[in-house]
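Chemist: Sequence:
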Amino acid sequence: MAQLASGKYHLRYEGQGFGGLYATAEGYGQPLKVEPQTPPFVDRQTWELVARGEISEILFVSHSGRIEGGLQGPGPQGPITLGDPSPVRVQKAKEDERLYTISFDQGEVGSIWYVGVNRETRELEVVPIPVIPNPEPAPKWSLVKLD
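For the sequence shown, the residue numbers in this note's numbering are 1 to 147.
The reader is advised that the hints may include incorrect statements.
Unchecked claim - Pairwise CB distance ranges (calculated):
id, residue 1, residue 2, range
1, Val109, Ser64, 39 to 45 Å
2, Pro87, Ser62, 18 to 24 Å
3, Leu146, Pro40, 16 to 22 Å
4, Ser62, Pro133, 40 to 46 Å
5, Gly29, Lys8, 20 to 26 Å
6, Gly7, Gln30, 21 to 27 Å
In case anyone wonders, no lab produced these hints; they're calculated from the structure.
Note that this is a predicted model, so its numbers are computed, not measured.
All residues carry an ideal CB built from backbone N, CA and C; glycine is no exception.
Produce the complete structure using the sequences and hints provided.
Modeler: This is the structure in structure tokens:
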């Protein structure tokens, strides 16, 4: 399977009944959210994917072009914040090869920590999914290349 190329992307959440919103930075140390791709949010929705084989980092690029942190993973079920970047895996979704899953390269034994969205707060959060036969589907994202 071909690896996703490094470069600038918009990260569009494709959750059932709640998709079409984009990962948006609110400020360093603040929870990341999904918002529509309209002003004033669009200036905070550019992400740099730095691919290093199977492990990557996803970094926030401000409207001035500066890197200002990245996806920083919490413990299970906490918000994902903008901070020191945590290693992630970006993989094609098994159900739809146009979409991707994003998971942290950490977690509890027996589960994978996927990046999803809390429906009430619209904050990015860890969705732990057990490693079992026929697990629930992982949250999916479109990565819209900008370069």
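Chemist: Using the beta carbons of Gly7 and Gln30, state whether their distance is inside 21 to 27 Å or not.
Modeler: At 25 Å between Cβs, range holds.
Chemist: Just to be sure I understand the hint, the distance between the Cβ atoms of Gly29 and Lys8 should be within 20 to 26 Å; is that true here?
Modeler: holds, 23 Å
Chemist: Between the beta carbons of Val109 and Ser64, is the distance compatible with 39 to 45 Å?
Modeler: holds, 42 Å
Chemist: Between the beta carbons of Pro87 and Ser62, is the distance compatible with 18 to 24 Å?
Modeler: holds, 22 Å
Chemist: Could you say whether the range 40 to 46 Å given as a hint is met by the Cβ separation of Ser62 and Pro133?
Modeler: Holds, since Ser62 and Pro133 (Cβ atoms, about 43 Å apart) stay within the stated range.
Chemist: Within 16 to 22 Å: is that where the Cβ-Cβ distance between Leu146 and Pro40 falls?
Modeler: Roughly 19 Å apart at Cβ, these two residues keep to the hinted range, so it holds.
When held up to the earlier numbered hints, the structure conflicts with none and fits them all.
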